[in-house]
Amino acid sequence: MAYLQSVVTRAGYFTSKKGRLPYLLLFPGMLWLFTFFVLPIINLAGTSTQTPVAGGETGQYVQTFRFANYIDAFNQARPQFARSFLYATLATLLALAISYPLAYAIAFRSGRFKNILLVLVVAPFFTSFLLRTVAWKQILGEQGFVVPALRSMHIIGQNTSLTASALAVVTGMTYNFLPFMTLPLYASLERIDPRTLEASNDLYANGITTFRKVTFPLSMPGVVAGTLLTFIPAAGDYVNAAILGNPNTTMIGNVIDSRFFNIVDYPTAAALSFMLMAAILILVTIYIRRSGTDELV
Amino acid sequence: MADASSSSHGDLKLTRVTKSFGDFTAVDDLTLTIPEGSFFALLGPSGCGKTTTLRMIAGLEEPTVGSIYIGETDITTKKPYQRPVNTVFQNYALFPHLSIYENVAFGLRRRGVKDVKEQVEKVLKLVELPHLAERKPTQLSGGQQQRIALARAIVNRPALLLLDEPLGALDLKLRRQMQIELKWIQTEVGLTFVHVTHDQEEAMTMADTIAVMNEGRIEQMGSPAELYESPETAFVANFLGQSNLIRGEVVSSDSDQSVVEVHGQKVAVLKSRNRATGKSILVGIRPEKIRISLPDDPRNGNVLTGGIVSDVSFVGVSTQYVVEMPWKQDLMVFEQNDGGTPTLRPGDPVSLSWNPPFTFGLDGSEDVNAGSEVDEPA
Ligand SMILES: Nc1ncnc2c1ncn2[C@@H]1O[C@H](COP(=O)(O)OP(=O)(O)O)[C@@H](O)[C@H]1O
Ligand SMILES: [Mg+2]
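Those sequence lines, one after another, are chains A and D.
Mapping the first sequence onto the numbering used here, position 291 (from 1) lands on 291, and the numbers just tick up by one.
Mapping the second sequence onto the numbering used here, position 336 (from 1) lands on 633, and the numbers just tick up by one.
Just so you know, these hints were derived from the structure itself, not from any lab.
Note that this is a predicted model, so its numbers are computed, not measured.
Accuracy of the hints is not assured; some may be wrong.
As the list claims (entries may be wrong) - Interface residues of chain D toward chain A, partial, derived using beta-carbon atoms under 7 Å: (1) Y378; (2) N383; (3) F386; (4) R407; (5) R408.
Unchecked claim - Cβ-to-Cβ under 10 Å is the rule here; a few derived chain D residues that face chain A: (6) R352; (7) T384; (8) G440; (9) S610.
Positions of the beta carbon are idealized from the N, C-alpha and C atoms, including for glycine.
Given only the sequences and the hints, what does the whole structure look like? Please build it.
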């Protein structure tokens with residue numbers, strides 16, 4: 001770095017002040033973010049406060065800075081908001097419960113199968129998200145093996161089906177976002193020095209205590225990263241609810257989708273998007289603060 | 298939960314302990330007694346099975362064969378957390394997410410000890426780092442981490458403290474200082490220390506008893522002076538300090554000494570210091586025991602003539618000579634710089650002599666170079 005800097009300085013590009021190179025390196029990224037994130041966001045913010053043109057056609061809006069749009073939008077979509085956060089939370093917890101033992105086994109117990117298992121974890125990414133969701137629908141469908149099996153064991157009634165239900169939506173999201181949970185968990189478990197676990201054993205902690213006092217706390221960065229990477233896309237997801245749900249399981253993403261593309265109610269869709277973003281941002285901030293993982297890195 | 302203070306104290310006994318990894322034998326039929334309260338060093342070159350031995354004592358590895366006792370209690374198959382044994386790991390293995398205070402308190406809390414605060418503060422004072430209690434391990438220097446690892450272990454007052462090359466990561470100066478401190482702390486707390494090292498100087502300065510280990514076996518065990526003055530194998534003779542080992546044949550013996558012919562010259566070896574069972578023998582003598590003199594000077598005791606000085610190096614308190622003997626073997630001689638030795642240059646003819654009781658005899662089937670080419674301590 002210092003070398004590069006001196007080269008740049010000697011070449012006479014920046015003779016006035018040292019330390020400009022970092023900014024120079026940041027520039028392409030900043031430009032990208034500005035063009036494709038900041039500008040659209042400003043645009044979206046504008047749209048969210050528009051009102052229909054008086055006597056105009058559907059889809060024609062004029063900027064009026066009507067902030068009451070937000071209140072209207074929220075009142076219309078309150079159940080979907082609640083459902084989004086409920087489903088996302090459930091899917092995140094479920095994914096954590098499934099991923100933790102899996103990541104633990106891969107990190108500590110897999111031996112020479114470690115790489116194969118890791119490839120298997122990411123393997124679903126090789127097919128499209130949509131296809132996977134459709135596949136999940138078939139797995140849970142009448143023709144799949146799950147329903148007949150559960151029926152024959154009398155776990156579900158003869159007329160109960162699993163598709164088109166909240167259960168299908170939540171398990172679908174769990175399934176789709178599982179690698180986002182597993183990989184960060186694996187990464188942080190893998191980083192734990194096995195000798196700290198031995199030290200814990202040596203200092204009179206049995207397996208369970210060692211897990212509670214050493215392994216789990218040390219894996220917190222992975223838990224936080226994994227839950228965020230699962231919760232955030234899950235809260236905004238609409239594919240799972242669209243394919244696996246019913247009219248009573250619609251999430252906020254489905255409302256935004258239909259407002260934009262079916263009803264062409266751009267202001268409401270934009271306002272809902274903003275509220276979703278804000279809600280996620282606030283929740284995530286509180287979560288990171290409370291988990292106190294910054295101390296661990 | 299093991300309570301270190303009330304559970305079995307006493308000597309540590311390893312009986313015929315073997316540890317195999319697949320078809321590789323890391324520790325081979327090891328039998329060892331470590332007296333309670335002693336500072337015991339396990340010394341050997343890297344890869345000889347020291348860590349594996351410690352891990353079996355700690356319970357982190359289970360012996361393939363054999364048993365381990367502390368006093369009258371068989372701990373062979375006990376879990377690590379059930380043993381009154383604590384370890385100072387080579388890389389310290391402090392808990393990165395816990396403060397120094399909590400690191401040290403860890404074992405006490407697991408055992409449900411009452412006066413945690415008092416004990417932690419006391420041991421932090423002992424290692425002279427009470428002011429670091431609130432820090433995290435990563436904020437400490439290597440030497441400080443080393444002391445905390447020690448404090449975290451001794452605060453539990455285990456029947457046995459295992460130290461796996463605890464000073465290996467420290468620089469030379471700090472290492473020498475910590476050697477003295479460790480020894481002092483051991484005397485202070487009165488625990489049994491089992492100290493693993495590949496540094497023979499470290500083992501000699503610290504330990505009451507040293508076991509020299511080689512390829513999974515104990516070569517010899519004894520006090521530093523015993524091992525140095527009376528090595529029983531070529532490996533020990535070469536690994537602890539330096540030795541001159543000369544091949545010879547026993548030509549006659551009486552009740553207290555044997556006469557050995559080495560390349561046409563005769564030297565005496567005390568029977569009590571002779572390990573050779575047959576006629577073939579390695580005559581051993583430490584370099585600092587040898588006097589170097591001009592060929593014509595009268596000498597008595599064991600004398601070897603016909604040497605030619607091939608190298609002289611002056612190292613302050615002493616001068617080190619390499620002398621080539623007529624049978625093309627280089628012998629080492631260390632002379633005190635006390636004015637008693639003539640000034641010698643490479644090429645000068647010399648005789649070597651020493652007091653016969655300093656001679657030790659090793660079995661003639663041994664490799665003269667065993668233990669001299671293993672890795673030098675860093
Ligand atoms: N878990 C293991 N699996 C296979 N071989 C091992 C294992 N642990 C140690 N060894 C082998 O056993 C030998 C002794 O190792 P170790 O006890 O660590 O030696 P030291 O501590 O004396 O350097 C080495 O050759 C090492 O490669
Ligand atoms: Mg070792």
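Earlier hints that do not hold, by number: 8, 9
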